[in-house]
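Model the full structure from these sequences, guided by the hints.
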Amino acid sequence: MKLGVSYNVFDGEELLGPSIRLIREQVDYISVVYQVKSNYNNPCSDYLLDHLIQLKSIGLIDELLEYTPKIFSRDSNNGSYNELEKRNIGLNLSRINGCTHHMSMDCDEFYVPEQFLYMKKVIIEHGYELGICHYQNYYKDSIYLIKSPPNDFVPTIFKILDNTEFLYRLKGFPVRVDPTRRTNNKNPIIFDQSEVQMHHMSLVRENLRAKFMNSSYRKHGVKAIEKSICYYDCWEYPKPAMDVIGGMHSVIKVKRIFDRILPLCKPER
Numbered sequence: 012m013k014l015g016v017s018y019n020v021f022d023g024e025e026l027l028g029p030s031i032r033l034i035r036e037q038v039d040y041i042s043v044v045y046q047v048k049s050n051y052n053n054p055c056s057d058y059l060l061d062h063l064i065q066l067k068s069i070g071l072i073d074e075l076l077e078y079t080p081k082i083f084s085r086d087s088n089n090g091s092y093n094e095l096e097k098r099n100i101g102l103n104l105s106r107i108n109g110c111t112h113h114m115s116m117d118c119d120e121f122y123v124p125e126q127f128l129y130m131k132k133v134i135i136e137h138g139y140e141l142g143i144c145h146y147q148n149y150y151k152d153s154i155y156l157i158k159s160p161p162n163d164f165v166p167t168i169f170k171i172l173d174n175t176e177f178l179y180r181l182k183g184f185p186v187r188v189d190p191t192r193r194t195n196n197k198n199p200i201i202f203d204q205s206e207v208q209m210h211h212m213s214l215v216r217e218n219l220r221a222k223f224m225n226s227s228y229r230k231h232g233v234k235a236i237e238k239s240i241c242y243y244d245c246w247e248y249p250k251p252a253m254d255v256i257g258g259m260h261s262v263i264k265v266k267r268i269f270d271r272i273l274p275l276c277k278p279e280r
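The numbering of the sequence shown is the numbering used here, which starts it at 12 and goes up by one.
I should point out that these hints are in silico values taken from the structure, not numbers from a laboratory.
Be aware that one or more of the hints could be misleading.
[Unchecked claim] Dumping the calculated BS3-like pairs for lysine-lysine here, alpha-carbon to alpha-carbon at most 25 angstroms:
hint	residue 1	residue 2
1	Lys-170	Lys-197
2	Lys-264	Lys-234
3	Lys-264	Lys-238
4	Lys-230	Lys-81
5	Lys-238	Lys-250
6	Lys-13	Lys-170
7	Lys-250	Lys-234
8	Lys-158	Lys-250
9	Lys-158	Lys-170
10	Lys-132	Lys-158
11	Lys-170	Lys-132
12	Lys-48	Lys-234
13	Lys-182	Lys-170
14	Lys-230	Lys-48
15	Lys-182	Lys-158
16	Lys-132	Lys-230
[Claimed, not checked] Here are the simulated distance ranges between beta carbons:
hint	residue 1	residue 2	range
17	Gly-232	His-137	44 to 52 angstroms
18	Lys-182	Thr-79	26 to 34 angstroms
19	Gly-258	Asp-57	30 to 38 angstroms
20	Ile-69	Gly-258	37 to 45 angstroms
21	Lys-264	Ile-82	39 to 47 angstroms
22	Asn-174	Ile-135	38 to 46 angstroms
23	Ile-69	Gly-232	34 to 42 angstroms
24	Val-133	Val-233	43 to 51 angstroms
25	Val-233	Asp-86	16 to 24 angstroms
26	Val-233	Val-47	16 to 24 angstroms
27	Lys-67	Asn-218	18 to 26 angstroms
28	Asp-57	Asn-108	44 to 52 angstroms
29	Asp-203	Ile-135	16 to 24 angstroms
Note that beta-carbon positions come from the ideal geometry of N, C-alpha and C, so glycine has one too.
Rendered as C-alpha cells:
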C-alpha cells in the first residue's frame, strides 16, 4: 500500500499539525487543499498561509494546493458541492503521485497511531476496498467526550481504482456518513469501535465562530451561533455541552490520549 492523505482546510488550522503528526509515519504522501476564502466568501485567518508553509517546511505536508470556491448551485447545497470538489482534487493528487490508496481528512480528525496502523494492515491483508469506522465528538478539549450513541461513522482508507471518485449523496452506502465523503468503492469493512475509531475534535477550537459562520451551521442564524459561542467560552466541566441550536449533551471526562491540542485550554481539574 502506498497511502495518500488529503486534508481540506479553511479554518481550525491549529489542529492540523497535531492531527498530521499522529499519522505521518504511516502515510506516504500528504496534501492540503486549502481556501483563503470560505464557501461564504469570508477570509481565512491572518496566519493560515504562514502556518501551512511552515508545516510543509518541516515535512509534515508534501503538497499545498489553493482552491477557489465555485458556484455550483444557488441553494444550500453549494457548500457541499465545493467540499466534494476539494475531496476529489485531493484524491487525484494522491493518484498522480502514485498512491494505491487514499484517505480524505479534516483538521479536527485524530487517530491513535496504533489503531491507524492496524487499520492499514487489515485493509491490505484482506483486500478491502474501503474502511469505515465510528467516531466520537469532543468539546473544548480532548478529555471532554460528548456522550452519544455509536451511530456516527466516517469513511477512512479506500483503494484507488480507475473509476474511484467521491459522489455526492451516493445511494446504497452501508452506513450513514457525510454525503460529501462517499466513494463508489465496494467490499467495505466496518471496524468495531474497540478496533479503530476517529476522535473528532469538532468543538475544540481557538475560533469556534469561524467554524460556525463558514459551514452548514450558518443556517441556524447568527443569534443561535453567538449564544452557543458565549456558552462555550464560559463552559466548565461537568456542565453539559451546548450545540449550535441550543441542545444540551452530557459530557464525560476521559483519559488524555493526545497531547494538549490548544494552548488556550484551561488546566485540568
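Hints versus structure:
1. Lys-170 x Lys-197: This hinted pair holds, its Cα atoms lying about 9 angstroms apart.
2. Lys-264 x Lys-234: The given pair, whose Cα atoms are some 29 angstroms apart, is violated under the 25 angstroms limit.
3. Lys-264 x Lys-238: holds (24 angstroms)
4. Lys-230 x Lys-81: Cα-Cα ~19 angstroms, so holds.
5. Lys-238 x Lys-250: holds (16 angstroms)
6. Lys-13 x Lys-170: holds (10 angstroms)
7. Lys-250 x Lys-234: It holds: about 22 angstroms lies between the C-alpha atoms, which stays within 25 angstroms.
8. Lys-158 x Lys-250: holds (12 angstroms)
9. Lys-158 x Lys-170: violated (32 angstroms)
10. Lys-132 x Lys-158: violated (30 angstroms)
11. Lys-170 x Lys-132: holds (13 angstroms)
12. Lys-48 x Lys-234: The hint holds at about 23 angstroms.
13. Lys-182 x Lys-170: holds (19 angstroms)
14. Lys-230 x Lys-48: holds (18 angstroms)
15. Lys-182 x Lys-158: violated (29 angstroms)
16. Lys-132 x Lys-230: Given pair Lys-132, Lys-230 is violated - Cα atoms ~41 angstroms apart, limit 25 angstroms.
17. Gly-232 x His-137: 44 to 52 angstroms: holds (47 angstroms)
18. Lys-182 x Thr-79: 26 to 34 angstroms: holds (30 angstroms)
19. Gly-258 x Asp-57: 30 to 38 angstroms: holds (33 angstroms)
20. Ile-69 x Gly-258: 37 to 45 angstroms: holds (40 angstroms)
21. Lys-264 x Ile-82: 39 to 47 angstroms: Roughly 44 angstroms apart at Cβ, these two residues keep to the hinted range, so it holds.
22. Asn-174 x Ile-135: 38 to 46 angstroms: violated (21 angstroms)
23. Ile-69 x Gly-232: 34 to 42 angstroms: holds (40 angstroms)
24. Val-133 x Val-233: 43 to 51 angstroms: Taking Cβ atoms as reference, Val-133 and Val-233 lie about 45 angstroms apart, which means the hint holds.
25. Val-233 x Asp-86: 16 to 24 angstroms: For Asp-86 against Val-233, whose Cβ atoms are near 20 angstroms apart, the range 16 to 24 angstroms holds.
26. Val-233 x Val-47: 16 to 24 angstroms: holds (23 angstroms)
27. Lys-67 x Asn-218: 18 to 26 angstroms: holds (22 angstroms)
28. Asp-57 x Asn-108: 44 to 52 angstroms: violated (31 angstroms)
29. Asp-203 x Ile-135: 16 to 24 angstroms: The hint (16 to 24 angstroms, Cβ to Cβ) holds, given that Asp-203 and Ile-135 are roughly 18 angstroms apart.
When held up to the earlier numbered hints, the structure conflicts with 2, 9, 10, 15, 16, 22, 28 and fits the remainder.
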